[in-house]
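Numbered according to UniProt numbering, the sequence shown spans residues 1 to 201.
These aren't lab readings, by the way, just hints derived from the structure by calculation. A few of these clues could be false.
Computed beta-carbon distance windows for the label pairs [said to hold, decoys possible]: (1) Thr57 - Ala80: 22 to 28 Å; (2) Pro5 - Pro68: 29 to 35 Å; (3) Ala69 - Arg134: 28 to 34 Å; (4) Ala167 - Pro58: 39 to 45 Å; (5) Tyr91 - Asp159: 21 to 27 Å; (6) Glu160 - Pro55: 41 to 47 Å; (7) Asp104 - Asp159: 32 to 38 Å; (8) Lys194 - Ala122: 43 to 49 Å; (9) Phe153 - Glu131: 15 to 21 Å; (10) Arg192 - Asp159: 38 to 44 Å.
In silico DMTMM-like cross-links for lysine to aspartate or glutamate, where the CA-CA straight-line distance does not exceed 20 Å [unchecked claim]: (11) Lys77 - Asp104; (12) Lys7 - Glu41; (13) Lys77 - Glu49; (14) Lys77 - Glu65; (15) Lys7 - Glu34; (16) Lys7 - Glu190; (17) Lys100 - Glu49; (18) Lys7 - Asp39; (19) Lys33 - Asp4; (20) Lys33 - Asp179.
Nothing here was measured: the structure is a model prediction, and the numbers come from that model. The C-beta atom is built at its ideal place from N, Cα and C for all residues, glycine as well.
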Amino acid sequence: MSTDPLKLVVILGSVRQGRFGEVVAHWFARLAKEHSAFDVEVVDLAETELPLSLPSTPPAMATEELRPAEMLPLSAKLAAADAFVVVTPEYNHSFPASLKALIDWHFTEWRAKPVGFVSYGAQSGGLRAVEQLRLIFAEMHAVTIRDGVAFPFYWEAFDEDGTPRDAEGTSGAVKVMLDELAWWGTALHEARAKSPYNHGD
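Modelling step: build the complete structure from the supplied sequences, incorporating the hints.
In structure tokens, the structure reads:
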């Protein structure tokens, strides 16, 4: 059993101007870095070219690299990751197009890896976006974590320094999710090392 920390990629999904996602993502990343199981890196989709127009051959079926050169460093980070946490807002009862583009441009990078969610929105706290993402990641052969973190009325949920006003409650929710993510991340890392996951090819 490896004692090396799991590589956790935190995906900042919103690219909207004036987005609140940076506050949420960087708060979460700070807590994740305090968890002994993970080596944490934040990936900001606003810093990566993610064309909405896909090649005629889906990435899952491609026999050559079809992704833009500017995307390849991001693709390498996803491939090396042991686990993911997606930070997503809810836009019109769904998630941002930037996240869908990220998922669609990749395939094997998600397989047999756990995915957790931190969401924010109005009444629902982004949970409608999360439920749709669960369906999509299931198609990618990923394992989504049951427990997550959600912020209803997010504009009221944080202090000016980027700390949730309910610091104790939200920190507890983060710990629950990270503990589950660590269990699944370790189990799936060991399983992939023992027997590569080739289903869905």
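Status of the hints after comparison with the structure:
{"no.": "1", "hint": "Thr57 - Ala80: 22 to 28 Å", "in the structure": "holds (24 Å)"}
{"no.": "2", "hint": "Pro5 - Pro68: 29 to 35 Å", "in the structure": "holds (31 Å)"}
{"no.": "3", "hint": "Ala69 - Arg134: 28 to 34 Å", "in the structure": "holds (32 Å)"}
{"no.": "4", "hint": "Ala167 - Pro58: 39 to 45 Å", "in the structure": "holds (43 Å)"}
{"no.": "5", "hint": "Tyr91 - Asp159: 21 to 27 Å", "in the structure": "holds (25 Å)"}
{"no.": "6", "hint": "Glu160 - Pro55: 41 to 47 Å", "in the structure": "holds (44 Å)"}
{"no.": "7", "hint": "Asp104 - Asp159: 32 to 38 Å", "in the structure": "holds (36 Å)"}
{"no.": "8", "hint": "Lys194 - Ala122: 43 to 49 Å", "in the structure": "holds (44 Å)"}
{"no.": "9", "hint": "Phe153 - Glu131: 15 to 21 Å", "in the structure": "holds (19 Å)"}
{"no.": "10", "hint": "Arg192 - Asp159: 38 to 44 Å", "in the structure": "holds (40 Å)"}
{"no.": "11", "hint": "Lys77 - Asp104", "in the structure": "holds (16 Å)"}
{"no.": "12", "hint": "Lys7 - Glu41", "in the structure": "holds (8 Å)"}
{"no.": "13", "hint": "Lys77 - Glu49", "in the structure": "holds (15 Å)"}
{"no.": "14", "hint": "Lys77 - Glu65", "in the structure": "holds (16 Å)"}
{"no.": "15", "hint": "Lys7 - Glu34", "in the structure": "holds (14 Å)"}
{"no.": "16", "hint": "Lys7 - Glu190", "in the structure": "holds (13 Å)"}
{"no.": "17", "hint": "Lys100 - Glu49", "in the structure": "holds (13 Å)"}
{"no.": "18", "hint": "Lys7 - Asp39", "in the structure": "holds (5 Å)"}
{"no.": "19", "hint": "Lys33 - Asp4", "in the structure": "holds (14 Å)"}
{"no.": "20", "hint": "Lys33 - Asp179", "in the structure": "holds (13 Å)"}
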